[in-house]
Amino acid sequence: MSQTTATPSLRQGPDAKGFFGDFGGRFVAETLMPLILHLQREYEAAKQDPAFAEELAGLSADYVGRQSPLYFAERLTEQLGGAKIYLKREDLMHTGAHKINNALGQVLLARRMGKQRIIAETGAGMHGVATATVAARFGLDCVIYMGSTDIHRQQPNVQRMQLLGAKVVPVTAGDGTLKDAMNEALRDWVTNVDDTFYIIGTVAGPHPYPQLVRDFQSIIGQETRVQLQEKEGRLPDSLVACIGGGSNAMGLFHPFLDEESVEIIGVEAAGEGLETPRHAASLKGGLPGVLHGNRTFLLQDEEGQIGDAHSISAGLDYPGIGPEHAWLHDIKRAEYVAATDQEALDAFKMLCRLEGIIPALESSHALAEVIKRAPGLPKDHLMVVNLSGRGDKDMATVTHHLADELGLNPDGE
Amino acid sequence: MSISAIDTTASSRLDRRFAAVRAENRAALVTYITAGDPGYDASLATFLGMADAGADVIELGMPFTDPMADGLAIQHATQRALKAGQTMDRTLAMVSEFRKRDQDTPIVLMGYYNPIYRRGVSRFLEQASEAGVDGLIVVDLPPEHDDELCVPASEAGISFIRLATPTTDSERLPGVLANTSGFLYYVSSNGVTGGAAPTAEKVEAEVGRIREHTDIPVAVGFGIRTAEQAARIGRFSDGVVVGSALIDLQANAETPEQGTQAVHALTRELADALKTARQ
Ligand SMILES: Cc1ncc(COP(=O)(O)O)c(C=O)c1O
Numbered sequence: 339m340s341q342t343t344a345t346p347s348l349r350q351g352p353d354a355k356g357f358f359g360d361f362g363g364r365f366v367a368e369t370l371m372p373l374i375l376h377l378q379r380e381y382e383a384a385k386q387d388p389a390f391a392e393e394l395a396g397l398s399a400d401y402v403g404r405q406s407p408l409y410f411a412e413r414l415t416e417q418l419g420g421a422k423i424y425l426k427r428e429d430l431m432h433t434g435a436h437k438i439n440n441a442l443g444q445v446l447l448a449r450r451m452g453k454q455r456i457i458a459e460t461g462a463g464m465h466g467v468a469t470a471t472v473a474a475r476f477g478l479d480c481v482i483y484m485g486s487t488d489i490h491r492q493q494p495n496v497q498r499m500q501l502l503g504a505k506v507v508p509v510t511a512g513d514g515t516l517k518d519a520m521n522e523a524l525r526d527w528v529t530n531v532d533d534t535f536y537i538i539g540t541v542a543g544p545h546p547y548p549q550l551v552r553d554f555q556s557i558i559g560q561e562t563r564v565q566l567q568e569k570e571g572r573l574p575d576s577l578v579a580c581i582g583g584g585s586n587a588m589g590l591f592h593p594f595l596d597e598e599s600v601e602i603i604g605v606e607a608a609g610e611g612l613e614t615p616r617h618a619a620s621l622k623g624g625l626p627g628v629l630h631g632n633r634t635f636l637l638q639d640e641e642g643q644i645g646d647a648h649s650i651s652a653g654l655d656y657p658g659i660g661p662e663h664a665w666l667h668d669i670k671r672a673e674y675v676a677a678t679d680q681e682a683l684d685a686f687k688m689l690c691r692l693e694g695i696i697p698a699l700e701s702s703h704a705l706a707e708v709i710k711r712a713p714g715l716p717k718d719h720l721m722v723v724n725l726s727g728r729g730d731k732d733m734a735t736v737t738h739h740l741a742d743e744l745g746l747n748p749d750g751e
Numbered sequence: 315m316s317i318s319a320i321d322t323t324a325s326s327r328l329d330r331r332f333a334a335v336r337a338e339n340r341a342a343l344v345t346y347i348t349a350g351d352p353g354y355d356a357s358l359a360t361f362l363g364m365a366d367a368g369a370d371v372i373e374l375g376m377p378f379t380d381p382m383a384d385g386l387a388i389q390h391a392t393q394r395a396l397k398a399g400q401t402m403d404r405t406l407a408m409v410s411e412f413r414k415r416d417q418d419t420p421i422v423l424m425g426y427y428n429p430i431y432r433r434g435v436s437r438f439l440e441q442a443s444e445a446g447v448d449g450l451i452v453v454d455l456p457p458e459h460d461d462e463l464c465v466p467a468s469e470a471g472i473s474f475i476r477l478a479t480p481t482t483d484s485e486r487l488p489g490v491l492a493n494t495s496g497f498l499y500y501v502s503s504n505g506v507t508g509g510a511a512p513t514a515e516k517v518e519a520e521v522g523r524i525r526e527h528t529d530i531p532v533a534v535g536f537g538i539r540t541a542e543q544a545a546r547i548g549r550f551s552d553g554v555v556v557g558s559a560l561i562d563l564q565a566n567a568e569t570p571e572q573g574t575q576a577v578h579a580l581t582r583e584l585a586d587a588l589k590t591a592r593q
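One line per chain: the protein sequences are A and B, in this order.
Quick note on this note's numbering: the first sequence kicks off at 339 and runs consecutively.
Quick note on this note's numbering: the second sequence kicks off at 315 and runs consecutively.
Treat the hints as calculated values from the structure; they're not laboratory data.
Where a beta carbon is used, it is the ideal one built from N, C-alpha and C, also for glycine.
Some clues are possibly wrong.
With a cut-off of at most 20 Å between alpha-carbon atoms, the simulated DMTMM-like pairs for lysine to aspartate or glutamate come out as follows [what the hints assert, rightly or not]:
1) B/Lys397 / A/Glu641
2) B/Lys397 / A/Glu392
3) B/Lys516 / A/Asp730
4) B/Lys397 / A/Asp513
5) A/Lys385 / A/Glu640
6) B/Lys397 / A/Glu640
7) A/Lys355 / B/Glu542
8) A/Lys355 / B/Glu462
9) B/Lys397 / A/Asp646
10) A/Lys385 / A/Asp353
11) A/Lys355 / B/Asp461
12) A/Lys355 / B/Glu485
13) B/Lys414 / B/Asp366
If you want a taste of the chain B side facing chain A, the calculated C-beta under 7 Å gives, among others [to be verified]:
14) Asp380
15) Met382
16) Tyr427
17) Pro429
18) Tyr431
19) Arg432
20) Val453
21) Asp454
22) Glu458
23) Thr479
24) Ser484
25) Pro488
26) Ala519
27) Leu563
28) Asn566
Now the stretches of chain A that chain B is said to cover, found in silico as 3 or more residues with beta-carbon under 8 Å [claimed, not checked]:
29) 352 to 365
30) 514 to 527
31) 703 to 710
32) 735 to 742
Assemble the whole structure, with the sequences as input and the hints as a guide.
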């Protein structure tokens with residue numbers, strides 16, 4: 339393909355069939371097809387409806403607390419001695435992570451479609467909490483599917499969901515993590531198509547989910563653009579975000595895709611190492627395949643059987659990745675790297691001690707890449723990191739791994 | 315009125331079988347088992363004896379780690395099969411074995427797209443044809459993705475059997491029927507396999523609605539477990555699909571051999587019930 343003068347925008351996808359390049363699509367059972375087409379029509383209509391935008395903006399401001407601050411991490415910058423690091427503070431939003439941006443947008447769609455019952459899958463529990471929250475806010479029934487392994491490691495979020503009136507259903511199939519929860523949510527959905535809206539928590543699933551979740555999360559990048567313009571008078575040089583399914587990353591990246599000068603870096607979970615089978619890096623260690631309604635990179639064997647992902651952070655513990663990321667990887671617009679459990683824990687600790695911020699273990703993967711990358715960059719390099727969530731939910735996991743090192747004492751002495 | 319973009323219907327094994335069954339004024343018995351459950355040998359024994367026990371068409375499930383459209387019975391069968399080392403090669407080997415003995419009973423492979431995609435569509439179709447596969451049911455390939463597998467399969471002489479569901483309204487039905495051959499699988503209830511069966515009256519009305527659009531045989535499945543239920547549905551449908559009930563027998567048997575016997579016994583019962591259903 340020859341390059342013409344005007345480079346086509348990278349922000350136009352997906353195409354009519356839901357594809358970003360080779361990735362995406364609507365690989366679902368016939369029962370769900372009419373519903374997905376209906377959702378797509380409703381979403382198109384909602385996008386044209388000023389009342390929808392107004393309601394979303396109003397609730398985003400007064401209920402969620404937007405905009406989120408873009409915070410100059412002075413001591414972290416000083417310590418690393420290179421790039422100037424800004425944190426996009428999604429951790430400060432209502433319910434403690436970026437997940438609420440999407441849950442709010444989708445619950446408004448559910449209301450437009452007259453659905454009375456909300457279901458969702460959750461890994462770390464942040465999407466489950468966000469969904470339970472908006473369901474409570476609008477008086478809708480709510481059922482959350484969560485893997486039994488994740489229920490165990492994210493206890494506080496299970497209790498939060500229950501407090502908010504949601505029913506949390508443990509999923510024991512497979513490894514009892516996010517993939518299994520998503521299978522079970524899909525089973526619920528085909529059984530209850532008439533009254534149920536499925537709020538998918540990341541930029542995956544059948545079209546139009548990857549697109550609409552991205553759109554609802556793009557507020558992150560849009561705000562960042564304006565905020566950095568105000569603070570620095572220019573665009574960032576690089577963007578860094580962690581990737582489970584890829585929604586917080588897509589939200590930050592998307593408004594910048596056409597800015598060639600902006601380097602885009604996604605960080606997958608390398609678990610115990612990419613050289614071991616225990617990781618969750620679908621781009622670095624996977625192959626194209628079809629799962630959960632879309633074609634994307636998946637951890638799988640040569641038989642096409644899906645592998646179990648592993649990460650210390652429940653929110654990254656997924657064997658796939660959103661199709662738009664698969665495409666950005668394919669066309670090399672974004673760079674995808676990985677951080678191990680240990681690197682994430684080290685970054686977690688560093689942010690606690692240097693900035694007085696307890697980050698989510700998911701977001702700590704992005705910080706781990708910052709720690710590797712920032713020291714080698716000039717001081718005028720502007721790096722924005724998506725601090726996608728806060729780490730309160732991770733206390734049990736972190737205490738387990740870092741008790742001695744951090745002087746954590748269960749008796750509080 | 316059937317809209318068929320590709321005409322591969324020139325007397326396939328499936329067409330011949332449905333025509334023969336129709337001539338006997340009864341519905342075809344379509345049975346489902348998961349290939350490799352509970353292990354290769356037992357599964358092969360169950361499979362090879364199925365036609366003698368009375369199955370007119372046999373669906374052989376290709377195990378997949380993430381059977382999103384299946385209930386617990388088939389989920390567990392899938393896990394048992396994978397744990398016992400079932401692979402696509404072995405599933406195709408089962409079909410080859412069957413074909414050595416039986417040239418007439420149609421075999422339909424059923425499952426999810428990823429194992430086929432990973433293998434490569436053209437390689438898969440070549441091997442499936444060679445083994446003697448007549449049709450494919452791939453749950454996660456709606457008509458919107460016909461170019462992926464449906465069209466190449468039809469070109470290779472393998473029927474692509476589509477599912478229609480209660481949510482498939484009259485607007486969608488022509489699209490669902492286009493490129494479909496062999497038979498149409500009407501999923502009688504929204505939900506996963508192994509769920510509850512709706513009333514026969516409701517299903518009959520739905521089958522009637524579908525018949526306004528096509529001459530292709532309509533088989534009904536999901537939630538049919540007993541001879542009595544099969545007979546009720548078999549009064550008006552061209553085929554009755556039974557799966558989870560057979561899987562449960564295999565799963566609950568004390569030995570794999572007893573499981574095979576129990577599956578064949580229920581198959582016989584179902585076949586007998588369909589023979590007299592319309593009298
Ligand atoms: C705080 C936080 N960050 C990131 C993620 C990963 O999801 P995504 O890649 O969709 O942003 C999660 C998921 O649970 C999360 O809770």
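*asked:* Interface hint check: tyrosine 427 of chain B, Cβ to nearest Cβ on chain A, cutoff 7 Å. Holds or violated?
replied: This interface hint holds because 5 Å falls under the 7 Å limit.
*asked:* Need the status of pair lysine 397 of chain B, aspartate 513 of chain A: alpha-carbon distance at most 20 Å?
replied: holds, 14 Å
_Restraint status (C-alpha distance of lysine 355 of chain A to glutamate 462 of chain B at most 20 Å)_ = The hint holds at about 13 Å.
*Within 20 Å, alpha carbon to alpha carbon, are lysine 397 of chain B and glutamate 641 of chain A?*
holds, 13 Å
*Given pair status - aspartate 730 of chain A, lysine 516 of chain B, alpha carbons within 20 Å*: Distance ~52 Å between lysine 516 of chain B and aspartate 730 of chain A Cα, so the pair is violated.
*Keeping to a limit of 20 Å between CA atoms, is the pair of lysine 397 of chain B and glutamate 640 of chain A held or broken?*
holds, 16 Å
_Tell me if the straight-line CA distance from lysine 385 of chain A to aspartate 353 of chain A falls inside 20 Å._
This hinted pair holds, its Cα atoms lying about 17 Å apart.
*asked:* Next item in the hint list is aspartate 380 of chain B. Is there a CB on chain A closer than 7 Å to its CB?
replied: Holds: closest Cβ of chain A sits about 5 Å from aspartate 380 of chain B, inside 7 Å.
*Using 7 Å as the Cβ threshold, decide whether serine 484 of chain B counts as touching chain A.*
Serine 484 of chain B check fails; min Cβ-Cβ to chain A is 11 Å, beyond 7 Å.
*Holds or violated: lysine 355 of chain A with glutamate 485 of chain B, Cα cutoff 20 Å?*
holds, 18 Å
*Does the nearest C-beta of chain A fall within a distance shorter than 7 Å of the C-beta of glutamate 458 of chain B?*
holds, 6 Å
*Regarding the hint that asparagine 566 of chain B lies at the interface with chain A, is the smallest CB-CB distance below 7 Å?*
violated, 20 Å
Hints 2, 3, 5, 7, 24, 25, 26, 27, 28, 31, 32 from the list above are not met by this structure, while the remaining hints are.
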